[in-house]
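**Q** Residue numbers (the numbering used here), protein chains in the order written: chain Y, 365 to 566; chain W, 106 to 995.
Honestly, I wouldn't trust all of these hints.
As the list claims (entries may be wrong) - Only pairs whose alpha carbons sit at most 27 angstroms apart, straight line, appear in this in silico BS3-like list of lysine-lysine: (1) 600/W to 569/W; (2) 243/W to 140/W; (3) 337/W to 474/Y; (4) 337/W to 414/Y.
To be clear, the hints were calculated from the coordinates, so they are not data collected in a lab.
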Amino acid sequence: VIRYGMVIDLLRCVGCNSCTFACRAEHGTPPGIQYHRVKKYEVGKYPTAKMRFLPMPCMHCQEPACLSVCPTGATYRRDDGLVLIDETKCIGCRYCVVSCPYSSRQFLRKAVNYYPSHDATPYERQKQPEFTLGTAVKCDFCVKRLAQKGLPACVETCPAEARTFGDLNDPRSEVSRLIADAGGSVLHAEIGTGPSVYYIRG
Amino acid sequence: MIGNAYQYLRKLGKTPQPLFESSPYRWKAVDPAQKGTRRTLHGICGSCMQHDCATLVHVEDGIVVKIEGNPESPPNYGSLCGRGRSEIMSLYNPYRVKTPLVRTNPEKGLDVDPMWKEVTWEEALDLVAARLKKVREKDPRGLVVCEGFGNRETLLRKEFTKAFGTPNEVGTHGPLCTIHYASCLVHAAFPEAIAEMEHCRYLVSFGRSLGPNFATTSATRRFAKAIDRGMKLVVIDPRSSYEASKGEWIPIRPGSDLAFLLAMTHVMLHEGLPQDVPFLKNRTNAPYLIGPDGNYHRDPATGKPMMWDAAERCARTFDAAFKEISLEGAYEIDGCLCRTAFDLIREEFGAYTPEWAEPICTVPADTIRRVAREFVDHACIGSTIEIDGFTFPFRPASVNTHRGVNNHRGGTYADLTGKLINMLVGNIEVPGGCVGDSQRGPLLAPDADGVVKPQFEASPMPFKFPPDHIDCHEFYPNKHTGPHLAIKAILEPEKYHHDYGVEAWLNVGGNPIRKNARPEMAVAALKKVPFVVSLAYHMDETTMMADVVLPEHCSLERAMVTTLPPPHQTTGRDVCGLHMAYLREPVPALFNTKHMDDILVELADRLGILHGKGGLYDHLNHKQDRHILADGFALSGEHRLDPDRRYTLEEIYDRQLKSWSRGDGRGLEALREEGRFVHWAPRKEFYTYYFFPGSTTRHPFYFQSLKSVGDTLRTNLAKQGITVPGIDDMETIFDLYRPIPHWVENSEIRAPEGFDCWAINWRTPYYSSDIGNIIGNPWLVELCDEDLCESSIVMNVSTADRKGFKEGDRIIVESRYGKTEGRLHRTELLHPDAVGIPGCFGLGTKLGNPSNRRGASWNSLLPLDDKTFDAVSAGIESAPRVKVYRKETT
Chain Y
365 VIRYGMVIDL LRCVGCNSCT FACRAEHGTP PGIQYHRVKK YEVGKYPTAK MRFLPMPCMH
425 CQEPACLSVC PTGATYRRDD GLVLIDETKC IGCRYCVVSC PYSSRQFLRK AVNYYPSHDA
485 TPYERQKQPE FTLGTAVKCD FCVKRLAQKG LPACVETCPA EARTFGDLND PRSEVSRLIA
545 DAGGSVLHAE IGTGPSVYYI RG
Chain W
106 MIGNAYQYLR KLGKTPQPLF ESSPYRWKAV DPAQKGTRRT LHGICGSCMQ HDCATLVHVE
166 DGIVVKIEGN PESPPNYGSL CGRGRSEIMS LYNPYRVKTP LVRTNPEKGL DVDPMWKEVT
226 WEEALDLVAA RLKKVREKDP RGLVVCEGFG NRETLLRKEF TKAFGTPNEV GTHGPLCTIH
286 YASCLVHAAF PEAIAEMEHC RYLVSFGRSL GPNFATTSAT RRFAKAIDRG MKLVVIDPRS
346 SYEASKGEWI PIRPGSDLAF LLAMTHVMLH EGLPQDVPFL KNRTNAPYLI GPDGNYHRDP
406 ATGKPMMWDA AERCARTFDA AFKEISLEGA YEIDGCLCRT AFDLIREEFG AYTPEWAEPI
466 CTVPADTIRR VAREFVDHAC IGSTIEIDGF TFPFRPASVN THRGVNNHRG GTYADLTGKL
526 INMLVGNIEV PGGCVGDSQR GPLLAPDADG VVKPQFEASP MPFKFPPDHI DCHEFYPNKH
586 TGPHLAIKAI LEPEKYHHDY GVEAWLNVGG NPIRKNARPE MAVAALKKVP FVVSLAYHMD
646 ETTMMADVVL PEHCSLERAM VTTLPPPHQT TGRDVCGLHM AYLREPVPAL FNTKHMDDIL
706 VELADRLGIL HGKGGLYDHL NHKQDRHILA DGFALSGEHR LDPDRRYTLE EIYDRQLKSW
766 SRGDGRGLEA LREEGRFVHW APRKEFYTYY FFPGSTTRHP FYFQSLKSVG DTLRTNLAKQ
826 GITVPGIDDM ETIFDLYRPI PHWVENSEIR APEGFDCWAI NWRTPYYSSD IGNIIGNPWL
886 VELCDEDLCE SSIVMNVSTA DRKGFKEGDR IIVESRYGKT EGRLHRTELL HPDAVGIPGC
946 FGLGTKLGNP SNRRGASWNS LLPLDDKTFD AVSAGIESAP RVKVYRKETT
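Based on the provided sequences and hints, a complete structural model is requested.
**A** Right, dumping it as structure tokens:
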């Protein structure tokens, strides 16, 4: 079976946030809701200080903390490794939001307009029906794009070509090769969530 | 729509009030006829000055639902940056100007409601044309056409300006980015010369971005590839930027790069490092003999410059056959003691030791020495590489300077010193080295003196008195754009010797208020201009000052057919050999707006300057692409326009395509089907060395052209008995026209006590250039404001500690010229002498997007005193000395 996963090359990543904007553009998330973030931070002291970047989609864990706490079965894990939310079953208890060690989930409390003192734009009116208020939301590895043999928007858009997507179960796939060659690591390996997002050359 | 609300209020007998703030904008319902439709359009991103990324624009139910990079098309191959993705919000922006407007309140100001009256297009165009006609009849120079990054896609702006007959096209994007002159002089390349990143192994980058916060997609791809393959990157900058974080950061005090560059050159000339002597002898004017007056010593018979033949012990004209060219030495020729240019330059640099530079620029002398040595080591002097069967010199090392280095008095010398460094290793226009980023072709053709002919901005504007150009081009013959000078000349016409007044200002994408130093002076100047017209996208600062507003389409609504603009930041094989024509299919216009080129045609028609000889169409028939010259669109043969007919834009696009030198005769219909016409030039043609190899041309190592322009200016001013306006001691001007770079103190080196920091600025990933009001785009605003490094006033932790500032403190930054305030962010990523104010925040207008008002305005701190400009480029000082203090809250 396939296990979808992603490799992010931190040497190539320049922190431009193109991925974050691609994610917004793909999903039309309301203000304040970002399925993807780039954590920007500093390392070192002057005069050797540097910026560092950590792009963070949902980790699509093999043992997702969010799944085990979900009381209704709204959160589920597919055979291909995608961790998804069935919004018709979500009751908005937010257990998943607090349990995710990567802060990958947000609770969609209410819809705010992009231009705060104005009506929703035609774009928002088109996109808002895709969201259910009072539910948890997060990155779905662009499941609709995958269904059409496409790549997640953040992978497609990356100008630095820092992201690779593929089958972690196939040892000959590009993602497996990169992890093997460069020594891929996952975030918070110690807690045993088994993320499907690997980082190399950090 | 404001008009509806206006009429509604009028019906109620109420005075119209500022409506943007008081009533939410209500969008029209979706056209039922569009329900259920789905289309994908070919797009070209319009969200930065580069505007070259090919996109796909997805439209559902008549609504744009997604913009993404076109995966099949260069230069971005499916990638797209945040600004490009956010373009949807520039389309659906309630703060757009939605219909033609005429001012009813004569009082003007950024916070004064113009009390707009809605009018029809006919009324607005007739009104503007009638006023401009009067201006033209009186003196066409009285019209300023002001362009800028807001819309640089227009096909007809230059032709409109020419047909009107005014020399005054003023660009507001330039005086804070004077990066052109040295590359125009040494490489004959415009806009500039940059590192060839496919082969470069050692890049020393001063005061610039290499991609991540500028032309993000293709430049970032090439940058990431170079880092991936192990290119050593040394970033000399007051800030540990995105680029510096991927290489070695050498922090430098703001505005002092010239000292580092002079010292690096000193090390290369005086400390036993190898030089590319064959290059210097055969491919530069370094061996030319210089007379006691500082000019080329010329052969009395032919007037040609001369070199010394060491084997024959005599001087010959540069184009004679030489047995052994002398690079060094002093020689008596016809009783005149001459020295080689190289000798003079080496002598000039004798004083600039790293120990001299260290206290100025704060970089340890040993570090300067190390960078010089590593640079020379990596340049592989003497090596060659074969490309397409042609043997090139291979010099995989480059030094590049940019805005942060050049925008100071003496900044042109910093740029030129960078060229000297590159020439010492012979890396000009060869693989791995420093290469122009525009047209490929026979650019390096020599002039009568055997030296690369100065092109573009290095080709001086002839003197005329009284001057024609409102931006004082006559006094700064090699300047970049001069909106700041135009503003000053409007305010004080006598001082700048103009014998005419500015009667009208036609704004076509520029913004002299937001994009320049001292915004309040630009406001005062525009108040003084009797008639201001703005072809406007939103209610920006300049539009607030307008008498008539002609609303233009946003970029998604603008049809466009264009050739790929030249890459502006970093180069690599993947784009530079590419000639491409592609198109933007417009989405339906949301409001009562027009395409800018259609507006210009309508105005030209009403002014009687559209048709006939000297009309807009006639000028278009003779247009050549400014950047890629013969590789760009030009109308030819049967495809030329009949100047007496009227054409649609589409008809013009079709004719341009059919006569494109790199095309195959197909037109717009075929382009619509295919999305792009692509032609790859052979790889060897990527390097302009190929067209003039070996000793067939010479780069200027001794800047005779600079001296000659200065000498001519001196003579012309003396004839009129005047100085450069605002300059008391003319030697401060001519000092910058000497043929050898030397140390120049900019206006900020010495400052009164208390002004203990320098304010610096950089572009951010959320804001690169002012297009489509991206500073107020809510998608970009959301992420920008979370990114404290890019939205605050930034200061080194130790400096903040010394001043007792805590994270988040409200602080005031005050220069000798202005002040601004904002939130403090403490960081280790900045030189302790620097205060960083990123982006282009602050200002805004009463009727504009409130987001435009947030943040600190770096531009407000900059000087507009003529004495502070670089005498050659006319660039504005970009690192003003400042004091910083906490804002006391009451």
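**Q** Which numbered hints are broken by the structure, listed smallest first?
**A** Violated hints (numbers, rising): 2, 3; every other hint is consistent with the structure.
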